[in-house]
Amino acid sequence: MTRTVFTALLSHWRRNPLQLFTLLAGLALATALWSGVQAINAEARASYGAAAATLGEGQFNQLVSDTGGPIPQSTYIALRRAGWQVSPVLEGRINGQRLVGLDPLTAPGGLGPVTLGEGAELDAFLGGAGQVFGTPATLEALSGIEAELILSPDVAPATALTDIGVAQRLLQREGEVDRLIVAQIQPVGRPALDDIAPGLSRQVAQGGSDIGRLTDSFHLNLTAFGLLSFAVGIFIVNGAIGLAFEQRRPVIRTLRALGVPLRRLMVLIAAELLVLSLVAGTIGVALGYVIAALLLPDVAATLRGLYGADVAGTLQLRASWWVTGMCVAVGGTLLAASGAFLALARMPLLAAGQARAMAVAAGQTARVQAGVACALLLLSLILGFTADGLVGGFVFLGAMLVGASLALPLILDHVLRFGQRLSKRATSQWFWADTRQQLPGLSLALMALLLAMAANVGVSTMVSSFRLTFVAFLDQRLSAELYVSTEDAAQTATFLNYAEGKVNAILPIRSVEIAVRDLPTELFAGRDHSTYRDNWVMLDASAAPWDDVHSGESIMINEQLSRRADLNIGDVVQVQARAYSVSGIYGDYGNPIGQALIAEGEFDALFPNVDTTRFGLRLPQNEVSDFVAAMERDINLPASATINQANIKAFSLSIFDRTFTVTGALNVLTLAVAGFAILMSLLTLATMRVPQLAPVWAVGMTRQRIGRLELARAVLLAALTSLLALPLGLMLAWALLAIVNVAAFGWKLPMFLFAFEYLKLFGFGLLAALLAALWPSYRLARTPPSDLLKVFANER
Amino acid sequence: MLLSARGITKTFDTADGPFQVLRGVDLTLEAGETLALTGESGSGKSTLLHLIGGLDTPDAGEILIDDLDIAQMDDTARAALRCGAVSVVFQQFNLIPSLTVADNIAFQARLSGRHDAHWAAELADQMGLAPQLRKYPEQLSGGQQQRVAIARALAPKPKLVLADEPTGNLDEATATSVLDLMLELVADTGAGLLMVTHSDRLAARMSRRVHLARGQIA
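Quick mapping for you: the protein sequence lines, in order, are chains A and B. Reading the first sequence from the start, the letters are residues 1 to 796 in this note's numbering. Reading the second sequence from the start, the letters are residues 1 to 218 in this note's numbering.
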């Protein structure tokens, strides 16, 4: 019986190959967009994970110098002798690559030296010229160094691992380490840290790498985009499955009348859908891999440029993507089919054969749909005023997007009704009325378009706002024309001697890591100079914030610290033994941690041992190149030690352009999926349209005109949907910028509007609908009269 | 002469090969005349009606309506003919479901630019549709729907009304009342009526009758 029933069910797809294609393609596209974005995220996160795993970032407590300088090796030895289970780390850069020296004998389990690739024998690692491990790209950059280069794909990108002794030799830092990793298990009764190494302080494990947190904003946005794309695809699947169930009602009735139990029927339909979802899922994950592979180089470049995070530009095939991709495909199918399944389970046997027109079915559910839409929109309205956490933000987004989608057909119906009321001519009156009649059949595709357009508007607004803010922020924070880094105190002295009098101002940049209200904070020394007073934009400030700071009584903090530590103007911040009142809160976009600034004199008094190795120089922009060349010639300071502010800004802009490439590509893909949804809906409806259009043709409207009106109908509905998508997309952007971003990262991005961008997107939305409707309209316009006449044939 | 069809032939491709439905049919109709076209199923009645209505084109022969050969007309000209000079009433009503009864009645007349609100209202009144004007076709009975279809066909005051089994879907009492109304209104407008029917009883109500058998007038 099972086989016979299954054959009967499958015969539907044989007779409706277009519907089968719609279902498979919709699901495959949804899975592809979702898994493609997830693949990019997973690959990038795996790169940070590799860095964290090999370098111990975030996993272990660490000991660092109070002054921010290096730790003498003798201090490390003293700690080991006192029973402290610590392991030294030394870092430096060679040929642009990060060289990390570790001690394989003392490093806690799981860190780099004990998980090196095959062929890493301890003797070879420790002895002789030493071994350096890295990816092919890293090793190629290090090809000239005196050590054996060993290929190890597990090492983080742009990072090389070696024994600490080899690192000291290669970096010319004999007898120094940068930090000490503290093993989780320590012997009981060991002496206190202050007794052995008073100049060191403990930095608590942060539960994840800095880079990981830095880039989370980017990933969160990509994930939100992927989720929306998936939702768009699920609308297509929902439409295809709903139609398949609707068309199979007579078959289901017959099968049940012939004695097939309802439960078996449902199990078989579920099995059929499972098979289809697995096929579509496989295609989708493969497609997603292609999307990710194409986009990853741009994503990697963006992350590297924006956050300094190294991500491999190539994609690895990970089993977890296949598993999650398939789960998403199957889950999405179940989600899309749940409504149809519920209807099937509740359907009385005799009712099953009564073919319902889509319009009638939609009419019956319209009231329920309106109720749910109103409830969700009301919920989102309340949350819009009250939500302030991540969960609240996402619930707000979900309620708003689903509510708006459900409300769309109802709103469109009212608009079309209004249009019909205004129309005077017979053709236009019929056009509006007929468009209203087509609405239920097209509503799922239009909901998909609404989400796609809203996602585009939202993401464009967010990225463009981010760009504007960040560029303005760069102008504010990179106000010096030239930045110079020195290697040591001797070079610093030479540089200062040389530059004094040749430039308008020398602004030293030095910082130290402290804790403010238990939050990690970078404290900077601020010189009293117009560069800061003129360029820094305060989000909130006292009457004279800079005067207050330079009087030695006040401190300025960034927005992140203000939000996380709940610090406002006038509140007191304790730094070492000194108390400062907050005189200004400044925007510090993209920074994951707190930042603060006190007067230079105050800083020097509190942290006398922090060396100054970075300087901002003020000089006319057109003299920068000559000055850099002169420094190289006169004091042997290489050009690589200088950064031209104009170059940084140009570089930042190019990075944003890459970000735009990624989001732009995803925009186009999502719109293409929505266009596909419209195409499939129109093609499906086209078969039902002939009986509806034949009478209009019979009473004197030409097929060409009917075809043109079909095209106009699709464009009109797309235009109305796109118009409604604009406020929805802006709300989406607002929620991401003002609620989700603040909750996730501690800083709020100002929102800007980009009318031309929206106009362009509106045009793309219309174009997608036009392209989607072109073929179905052409087919209708070319319907042979014989097909139309069949509608009127008496002997049917 | 309102209608003059001469030597009409039409062949359809079928699974079993070409099938000649009409084999040189000649037919005439004067203004104000009513003609019943009878014949067995598959004899070509509906095909002939569709050709005269400009819904399809013959393979050979000429169809003159008011001395204009519609066989030579292009798609646009035939469409213009259909919404003005010639009206067709179908067995399946074929109303436009998205429009109200009032809009359905006026639709064809407005398409042809011949809409006369007074005449449309009079038609609706005579057809007993006045209380139904704001309803949609799905809310009407079969008899009411066919009366709307007839009113729609007559609203542009056509010269020729073609009816393809207009009462085929109705019960006998309703069929009689609908036919009475149609004949009365056609007479009022002075149009010619060509009606396809299986029913001898209905055919007897026409001023003339021709029988079609195997694609030829018998």
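In case anyone wonders, no lab produced these hints; they're calculated from the structure. Remember, it's a predicted structure, so these values are computed and weren't measured experimentally. Don't take each hint at face value.
[Stated by the list, open to error] Per label pair, the in silico range of CB-to-CB distance:
| id | chain 1 | residue 1 | chain 2 | residue 2 | range |
| --- | --- | --- | --- | --- | --- |
| 1 | B | E62 | A | S786 | 19 to 29 Å |
| 2 | B | Q126 | A | R15 | 28 to 38 Å |
| 3 | B | D74 | A | F752 | 49 to 59 Å |
| 4 | A | S338 | B | R214 | 55 to 65 Å |
| 5 | B | E62 | A | E272 | 26 to 36 Å |
| 6 | A | I411 | B | A31 | 46 to 56 Å |
| 7 | B | G190 | A | G339 | 30 to 40 Å |
| 8 | B | G128 | A | R346 | 19 to 29 Å |
[Unchecked claim] In silico DSBU-like cross-links for lysine-lysine, where the CA-CA straight-line distance does not exceed 30 Å:
| id | chain 1 | residue 1 | chain 2 | residue 2 |
| --- | --- | --- | --- | --- |
| 9 | A | K649 | A | K760 |
| 10 | B | K135 | B | K159 |
| 11 | B | K157 | A | K790 |
| 12 | A | K649 | A | K748 |
| 13 | B | K157 | A | K424 |
| 14 | A | K790 | B | K135 |
| 15 | A | K424 | B | K159 |
| 16 | B | K159 | A | K790 |
Just so you know, even glycine gets a beta-carbon here, dropped at the ideal spot from N, CA and C.
In ascending order, which of the hints set out earlier in this document are inconsistent with the structure? 2, 5, 7, 8
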